[in-house]
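Protein chains in written order, with our numbering: chain A, 14 to 482; chain B, 14 to 482.
Treat the hints with caution; some may be incorrect.
If chains are identical, the list can't say which one is meant, so a pair holds when it fits in one copy or spans any two.
[As the list claims (entries may be wrong)] Result set (DSSO-like, lysine-lysine): computed pairs, CA atoms no more than 27 Å apart in a straight line: (1) 39 x 181; (2) 230 x 172; (3) 336 x 448; (4) 433 x 465; (5) 450 x 433; (6) 450 x 425; (7) 264 x 448; (8) 264 x 439; (9) 450 x 336; (10) 39 x 472; (11) 230 x 448.
What the hints contain is simulated information worked out from the structure, not anything from laboratory work.
All values reported here derive from a predicted model rather than from experimental measurement.
There are 2 protein chains.
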Amino acid sequence: MDPNTFRREGHRYIDWLADYFEHIEKHPVRSAARPGEILSLLPAGPPDDPESPDSIFGDFERIIVPGITHWQHPGWFAYFPANNSPVSVLAELLTAGLGAQCMVWQTSPAAAELEERVMQWLGKMLGLPAEFEGVIQDTASTASLCALLTARERATNFKGNLEGPGEKLVVYVSEETHSSIEKGMKIAGYGRNNLRIIPAGDDFAMLPEALEAAMEKDLAAGLIPACVVATLGTTSSMAMDPVEEIASICKRFGAWLHVDAAFAGTAAIVPEYRDFMRGVEQADSFVFNPHKWMLTNFDCSAYFVRDAALLRRTFEIQPEYLKTDADSQVKNYRDWGIQLGRRFRALKLWFVVRYYGVEGIREMVRQHVALAREFAGWLSQDSRFELMAPVNLSLVCFRYNPGNLQEEELAKFNRGILEKLNNSGKVFLTHTSLKGKYAIRLSVGQRTTGRKHVELVWKLLQEYCGHPA
Amino acid sequence: MDPNTFRREGHRYIDWLADYFEHIEKHPVRSAARPGEILSLLPAGPPDDPESPDSIFGDFERIIVPGITHWQHPGWFAYFPANNSPVSVLAELLTAGLGAQCMVWQTSPAAAELEERVMQWLGKMLGLPAEFEGVIQDTASTASLCALLTARERATNFKGNLEGPGEKLVVYVSEETHSSIEKGMKIAGYGRNNLRIIPAGDDFAMLPEALEAAMEKDLAAGLIPACVVATLGTTSSMAMDPVEEIASICKRFGAWLHVDAAFAGTAAIVPEYRDFMRGVEQADSFVFNPHKWMLTNFDCSAYFVRDAALLRRTFEIQPEYLKTDADSQVKNYRDWGIQLGRRFRALKLWFVVRYYGVEGIREMVRQHVALAREFAGWLSQDSRFELMAPVNLSLVCFRYNPGNLQEEELAKFNRGILEKLNNSGKVFLTHTSLKGKYAIRLSVGQRTTGRKHVELVWKLLQEYCGHPA
Numbered sequence: 014m015d016p017n018t019f020r021r022e023g024h025r026y027i028d029w030l031a032d033y034f035e036h037i038e039k040h041p042v043r044s045a046a047r048p049g050e051i052l053s054l055l056p057a058g059p060p061d062d063p064e065s066p067d068s069i070f071g072d073f074e075r076i077i078v079p080g081i082t083h084w085q086h087p088g089w090f091a092y093f094p095a096n097n098s099p100v101s102v103l104a105e106l107l108t109a110g111l112g113a114q115c116m117v118w119q120t121s122p123a124a125a126e127l128e129e130r131v132m133q134w135l136g137k138m139l140g141l142p143a144e145f146e147g148v149i150q151d152t153a154s155t156a157s158l159c160a161l162l163t164a165r166e167r168a169t170n171f172k173g174n175l176e177g178p179g180e181k182l183v184v185y186v187s188e189e190t191h192s193s194i195e196k197g198m199k200i201a202g203y204g205r206n207n208l209r210i211i212p213a214g215d216d217f218a219m220l221p222e223a224l225e226a227a228m229e230k231d232l233a234a235g236l237i238p239a240c241v242v243a244t245l246g247t248t249s250s251m252a253m254d255p256v257e258e259i260a261s262i263c264k265r266f267g268a269w270l271h272v273d274a275a276f277a278g279t280a281a282i283v284p285e286y287r288d289f290m291r292g293v294e295q296a297d298s299f300v301f302n303p304h305k306w307m308l309t310n311f312d313c314s315a316y317f318v319r320d321a322a323l324l325r326r327t328f329e330i331q332p333e334y335l336k337t338d339a340d341s342q343v344k345n346y347r348d349w350g351i352q353l354g355r356r357f358r359a360l361k362l363w364f365v366v367r368y369y370g371v372e373g374i375r376e377m378v379r380q381h382v383a384l385a386r387e388f389a390g391w392l393s394q395d396s397r398f399e400l401m402a403p404v405n406l407s408l409v410c411f412r413y414n415p416g417n418l419q420e421e422e423l424a425k426f427n428r429g430i431l432e433k434l435n436n437s438g439k440v441f442l443t444h445t446s447l448k449g450k451y452a453i454r455l456s457v458g459q460r461t462t463g464r465k466h467v468e469l470v471w472k473l474l475q476e477y478c479g480h481p482a
Numbered sequence: 014m015d016p017n018t019f020r021r022e023g024h025r026y027i028d029w030l031a032d033y034f035e036h037i038e039k040h041p042v043r044s045a046a047r048p049g050e051i052l053s054l055l056p057a058g059p060p061d062d063p064e065s066p067d068s069i070f071g072d073f074e075r076i077i078v079p080g081i082t083h084w085q086h087p088g089w090f091a092y093f094p095a096n097n098s099p100v101s102v103l104a105e106l107l108t109a110g111l112g113a114q115c116m117v118w119q120t121s122p123a124a125a126e127l128e129e130r131v132m133q134w135l136g137k138m139l140g141l142p143a144e145f146e147g148v149i150q151d152t153a154s155t156a157s158l159c160a161l162l163t164a165r166e167r168a169t170n171f172k173g174n175l176e177g178p179g180e181k182l183v184v185y186v187s188e189e190t191h192s193s194i195e196k197g198m199k200i201a202g203y204g205r206n207n208l209r210i211i212p213a214g215d216d217f218a219m220l221p222e223a224l225e226a227a228m229e230k231d232l233a234a235g236l237i238p239a240c241v242v243a244t245l246g247t248t249s250s251m252a253m254d255p256v257e258e259i260a261s262i263c264k265r266f267g268a269w270l271h272v273d274a275a276f277a278g279t280a281a282i283v284p285e286y287r288d289f290m291r292g293v294e295q296a297d298s299f300v301f302n303p304h305k306w307m308l309t310n311f312d313c314s315a316y317f318v319r320d321a322a323l324l325r326r327t328f329e330i331q332p333e334y335l336k337t338d339a340d341s342q343v344k345n346y347r348d349w350g351i352q353l354g355r356r357f358r359a360l361k362l363w364f365v366v367r368y369y370g371v372e373g374i375r376e377m378v379r380q381h382v383a384l385a386r387e388f389a390g391w392l393s394q395d396s397r398f399e400l401m402a403p404v405n406l407s408l409v410c411f412r413y414n415p416g417n418l419q420e421e422e423l424a425k426f427n428r429g430i431l432e433k434l435n436n437s438g439k440v441f442l443t444h445t446s447l448k449g450k451y452a453i454r455l456s457v458g459q460r461t462t463g464r465k466h467v468e469l470v471w472k473l474l475q476e477y478c479g480h481p482a
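Chain A on its own, in the form it takes in the complex (with noise of 0.2 Å):
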């Protein structure tokens, strides 16, 4: 493709996706493909020949974007938001056009050092103490895995990765912890049979006292425990785990402490919400994920160590063709995780940072904060709804309850609000399950949801449920 022909496709896309932006509620936010429907319309086998730049992007409208879920739709309450902004997406679109591989200082000191600062900024920006340093993983996944790694080291003295764990590690999570956590860790090969599950309260933050009693009893029986994952915002309900009492546990048994703050951690930048962080600064590392609530779009997670020096010795390895003359002087961040190969992810986090500014990034918290609390609010003042969590920051757990049902047709009858909601193209909602109860949640958190987005789900639901008598 000659550079005329690429601005001339490179217009056309630009043109596409600002008009996509514009008009995107044509869209139903949760794609109606069903399975199979998009494979059977492509080919069986590559082109041997080429194929123009109309064919390749005429299908891609047809055939691709109506099997797209759009995760940047203004009704998008889903899971969790991944929100992009127009100013990331242009600087993803300089990162691949470069093409440059960041896998060590010499391969883009660019890189590496605007990541080493814009990790600076982040850690200014949520208040975490000056000695953590930064690295930019993919995913709050691979960072946790870090973690689990690094803790595994520290625990061994570093035989882990020379003898393997053994089989005295043990992991503390809570009931509500993410999934990623028990995977990791048995990549990690602590073996889950070392993964404590320690209960949640009603608030479904995790009980320090039974942490603790738990931690005693693996030392009596001779055990290690090597690491606690506290969470900032759970998956299912936004629960905050008391990382402060956490972290004197942890601090009494020598373990790890990790906090997972993916999704939540963005809403630090708010001062006045920043109370939920008490303790962070014990703590030995933190993840939290810009391409979840901070306009920067995925992939994006940003992942803080008190000791990188941990972090690169569980992980570095020299060979002869990665060694340059700078290694002395710079940070080759290929030691600071699991992959070699790395992209240029800092170029976003700086533009969006700087198109923003952090009052632009707060603004945008409290207004899905606000509106989160203002549905809450309406939930509340029908007594048929029930809230089944506290209400966290941007997250609102609720279920229809009328107070005649049991609970396996109450789940029944959320089952069916919640697939209503779903079908009818304009919102998209997903479930989760608290203390065994099902419930629905609501995510507040694409960039561009306001005030009528969340009237529309209050609207459907009053709809779907019939009026109070």
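Position chain B relative to chain A; hints supplied.
Same frame as chain A, now just chain B:
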């Protein structure tokens, strides 16, 4: 950023990239930035208030671009290629703009089903057995880690996930295997002590008889040969391990065979080069990186497995909040790898294969291989130069060796040549160590590299080494 501003800025970015592609040779290939230079130009803290698009873009040009090492420069002969293409960049733009997080089928059916289809296309293009199923990973580091984990689980009958890997599982590599395997086996809890490094022959390929002897010895000692990693196209010298012989040995011992063809795999698309793939049909898993030599911008790694059920069983976790009605009928790729979150990477692969056609990709590979052979020919006709390894595909390892210098002096002299080549700004090559000897590597694989760029390396070499007597 309103749609019109996005449109205006987007056109500006596209135009900048079109110019960048056209005039990339005005930049030095390897950035001349000194350690800390970029960092010192970046403010210590984030701006509170928004900054203008002009100011952000201006800083990108002023601060970032001089700190970029230009992987897309036609004078790129370093490490390995990471060639992108305009059409791939445009596809990445759409992926970023759609901003879909493709963790499960429901969160974008088109992403899941396009991934299934393009991976079938790639399998056909490489001549892989029809029963191999594919999944896109970020990098070969991650894909190989998946292989090591699945091997671990198969060898322990899935008790590894529950009880930890134990201390008996052994992994076999050659002395030329990529460092990511050692890293991965440490992550997976095998323990570095259970890594056997099998010697390579004069062609730098693994010696199968040495592999067999090592496995015998381990078995006799009560250990379990769990996984062998064979490389097609080693990083240092593009050596080809004898997969067919290794496969028979693996079968005898019941060991998992993972084939790492991260770099060389693309060459299997060319029928006349495919011979090196003999035996791959007997492997358990196979990885190659379209983001290296197949015009697809980083990151995009193609991972294939013979038995996808083993892969899924290694990773699957099913929390309530991720369950969907479609689960029984679709592929949820979150269970096919480490990360939960997934970018829509299949789109760029689809665009690339269609835009170039299989023939177009073959043509590029043929040209690169021809250029490498031509360069090797020039070297072998000049008695002052020494080829340091057999020339496979697109990589040439060589050194200046007039015959009257000791090893140490030779290394020093060649380091000096390499530094001069790279300081020219016109080309970028890197080095390696082969059987303890310093070697300069010329890896041909950038999309726009032509004969004149390879000739320039040769001309510069003549200049730095003095003309032959």
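Against the structure, the hints come out as follows:
1. 39 x 181: Close neither inside one copy (55 Å) nor across copies (58 Å); limit 27 Å.
2. 230 x 172: both (24 Å within a copy, 24 Å between copies)
3. 336 x 448: between (53 Å within a copy, 17 Å between copies)
4. 433 x 465: The answer is within: 19 Å in one copy meets 27 Å, while 64 Å across copies does not.
5. 450 x 433: within (20 Å within a copy, 69 Å between copies)
6. 450 x 425: within (11 Å within a copy, 70 Å between copies)
7. 264 x 448: Cα proximity of residue 264 and residue 448: none, with 30 Å in one copy and 48 Å across.
8. 264 x 439: So residue 264 and residue 439 fail the 27 Å test inside a copy (49 Å) and across (55 Å) alike.
9. 450 x 336: Between copies only: 15 Å across, 55 Å inside.
10. 39 x 472: within (19 Å within a copy, 60 Å between copies)
11. 230 x 448: within (25 Å within a copy, 53 Å between copies)
The structure does not agree with the numbered hints 1, 7, 8 stated previously, though it agrees with the rest.
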